[in-house]
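If you read the sequences in order, they're chains A and B. Read in order, the letters of the first sequence are residues 1 to 350 in full-length UniProt numbering. Read in order, the letters of the second sequence are residues 1 to 280 in full-length UniProt numbering.
Keep in mind that the hints were calculated from the coordinates and are not lab data. A couple of the hints might just be wrong.
Unchecked claim - Mimicking DSSO-like on lysine-lysine, the simulated pairs with C-alpha atoms at most 27 Å apart in a straight line are:
1. A:K115 x A:K182
2. A:K107 x B:K188
3. B:K188 x A:K73
4. A:K203 x A:K182
5. B:K61 x A:K115
What follows is the residue order along each chain.
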Amino acid sequence: MAEVTLSRVRKSYGAVDIIHGVDLGISDGEFVVLVGPSGCGKSTLLRMIAGLETITGGDIRIGGRVVNDLDPKDRDIAMVFQNYALYPHMTVAVNMGFSLEHRGTGKAEIAERVKWAADILGLTHLLDRYPRQLSGGQRQRVAMGRAIVRDPQVFLFDEPLSNLDAKLRVVMRGEIKSLHQKLKTTTIYVTHDQVEAMTMADKIVVLNGGRVEQIGAPLDLYDRPANQFVAGFIGSPSMNFLTGTITAEGFAAPGIVLPLPEAAHELRDRKAVYGIRPEHFALDDNGVPAEIVLVEPMGSETQVTMKLGETQVTGVFRERVSLSPGAIIRVRPDLASIHLFAADGGERLN
Amino acid sequence: MKAELSPRMKVFLYGLMCVLLVPFVFPTWWMVTSSVKPISDIFAFPPQLVPQSYDWTTYQKVFELQPFVQQYWNSAYIAALVTLGTMVVSSMAGYAFARIRFPFANTIFMIVLLGLLIPSEVTIVPLFQMFLKAGMVNTHWPLILVPIFGAPSVFATFVMRQFFVTLPGELEEAARVDGLGRFKIFRKIALPLARPALASVAIFTFLHSWNLFLEPIVFLSSADKFTLPQALTQYTDAYGGPMWNIQLAAATLTALPVLIVFIIAQKQFVEGLAHTGLKG
Numbered sequence: 001m002a003e004v005t006l007s008r009v010r011k012s013y014g015a016v017d018i019i020h021g022v023d024l025g026i027s028d029g030e031f032v033v034l035v036g037p038s039g040c041g042k043s044t045l046l047r048m049i050a051g052l053e054t055i056t057g058g059d060i061r062i063g064g065r066v067v068n069d070l071d072p073k074d075r076d077i078a079m080v081f082q083n084y085a086l087y088p089h090m091t092v093a094v095n096m097g098f099s100l101e102h103r104g105t106g107k108a109e110i111a112e113r114v115k116w117a118a119d120i121l122g123l124t125h126l127l128d129r130y131p132r133q134l135s136g137g138q139r140q141r142v143a144m145g146r147a148i149v150r151d152p153q154v155f156l157f158d159e160p161l162s163n164l165d166a167k168l169r170v171v172m173r174g175e176i177k178s179l180h181q182k183l184k185t186t187t188i189y190v191t192h193d194q195v196e197a198m199t200m201a202d203k204i205v206v207l208n209g210g211r212v213e214q215i216g217a218p219l220d221l222y223d224r225p226a227n228q229f230v231a232g233f234i235g236s237p238s239m240n241f242l243t244g245t246i247t248a249e250g251f252a253a254p255g256i257v258l259p260l261p262e263a264a265h266e267l268r269d270r271k272a273v274y275g276i277r278p279e280h281f282a283l284d285d286n287g288v289p290a291e292i293v294l295v296e297p298m299g300s301e302t303q304v305t306m307k308l309g310e311t312q313v314t315g316v317f318r319e320r321v322s323l324s325p326g327a328i329i330r331v332r333p334d335l336a337s338i339h340l341f342a343a344d345g346g347e348r349l350n
Numbered sequence: 001m002k003a004e005l006s007p008r009m010k011v012f013l014y015g016l017m018c019v020l021l022v023p024f025v026f027p028t029w030w031m032v033t034s035s036v037k038p039i040s041d042i043f044a045f046p047p048q049l050v051p052q053s054y055d056w057t058t059y060q061k062v063f064e065l066q067p068f069v070q071q072y073w074n075s076a077y078i079a080a081l082v083t084l085g086t087m088v089v090s091s092m093a094g095y096a097f098a099r100i101r102f103p104f105a106n107t108i109f110m111i112v113l114l115g116l117l118i119p120s121e122v123t124i125v126p127l128f129q130m131f132l133k134a135g136m137v138n139t140h141w142p143l144i145l146v147p148i149f150g151a152p153s154v155f156a157t158f159v160m161r162q163f164f165v166t167l168p169g170e171l172e173e174a175a176r177v178d179g180l181g182r183f184k185i186f187r188k189i190a191l192p193l194a195r196p197a198l199a200s201v202a203i204f205t206f207l208h209s210w211n212l213f214l215e216p217i218v219f220l221s222s223a224d225k226f227t228l229p230q231a232l233t234q235y236t237d238a239y240g241g242p243m244w245n246i247q248l249a250a251a252t253l254t255a256l257p258v259l260i261v262f263i264i265a266q267k268q269f270v271e272g273l274a275h276t277g278l279k280g
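All chains should be modelled from the sequences, with the hints used to inform the complete structure.
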């Protein structure tokens, strides 16, 4: 186990900058998720930590040691790849013990460690099989087994669940999380799925265009996103945004005036973006009118697409809504959960 | 889903295939059956598809008239060394062209491929001069070295490169994280996975070397150094005319290992071709 520190880490391909000076501190035993849309540089950053990509500038430290110029094998890391990268011509047991074999570990110890990892991951009965004889979930487990047998200082996961179906993804998410709780090894996990990030992370790093947008605990990012990008990226369904002006009456968006918390009136006359999560609307006869566009009953809740003035938004209600498109309902935004962002730049205002 | 063929269509297709089979099977059948016919029966009209009488002494004469065992051995060991050498050279070169980033890699690969466009007849005279200076004429060295570093190896390099290009990069990265260096990644990960491509390279190379004709007749002059295709030309009578039945018996013996190799390895052969993206 070890701390991982990134100081002004940069990556360029020729004149094109991919990573623009990332600073990040990861504590010993922490589970950090790098999240962001496709092309934001999260996998590149992980590969730079692994040593699979060179860095253009800055320092990467693992366990206090600068590893910028070290080969991946000398960084004491283990990595789980998106496509598992199991060696097709080796059995599960050989796959798992392969790295130990190349580090001069004795056969008895390799067998012992492989057995230990297989026991943890429920792979004991599969040790003699080849990867092609395994299901997606089993391959995923073997890839994790290959990582844990070495007892590395840091685990790196590069979108490991993206090839699994939705149900198995939820199961494996839980398994990775409980594995981390058992082993307490520092873990860096890359995903583009914000649900994975929210459910698994001790700390989330939101990346966009090679820059860190915000670092924080999952609920901090959910409750107080630093900017409009993070607000829109974290949370599912994503936050609704209405553009308008802060006035004495409230927030004047096209075709509607929405209520604002007391404190927001200090920002009067300012152009802003009004952000509210779908779950922060409530059905209320004294609320603002909204025209129903689409009703999607989910069982435990109802997702309603509606028009607030001229802007289409989504609301999620615990109540069952059985109205047809075109009908008017009245909704009340939760004033404590309203986010205001600058119209230019998207920085948080309240 | 594949549509099921109607019985009439099946009969038509199988009939068509049987007709197409004739030009491929007939020469082999003719060679084998004629090797045991008396010479007068070979040219009998109408042709005898099945021999009326059998003369097995032709096979005995094959060994009496030429040091055929020695020539068989010559062909066998030369083909084995060429196959092994080509597999080593082409797998390493193919891997380098596919996986190692170095300046002008693609340009160099194109230049290497250009070697395939030069007919061996064009290079044979300069090669003869070169091997003459090196004192290697009338030895087997030219027959071993020319294919290993010449056109057959270029083709094999192309086949291997096409395979290695398709190998997922993540496998190599996993191996790097697991502690392997470049050469060990090649030997422990890439090469074992390249078995189908290697098998097709082995078959192509073996066949090419086994059937090599121009180079042996240029470089070899003593009968005990001859390879089989060259030895076949030596079964002639006092007037230089071919002794057909003996020559065909020798040809049957020459073709036998190739047929056996192909029958055993045809699956790998087809798989290898599929891997390279080449079509027969």
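Handout entry: Index of numbered hints that the structure contradicts, given in increasing order
Key = Violated: hint 5 alone.
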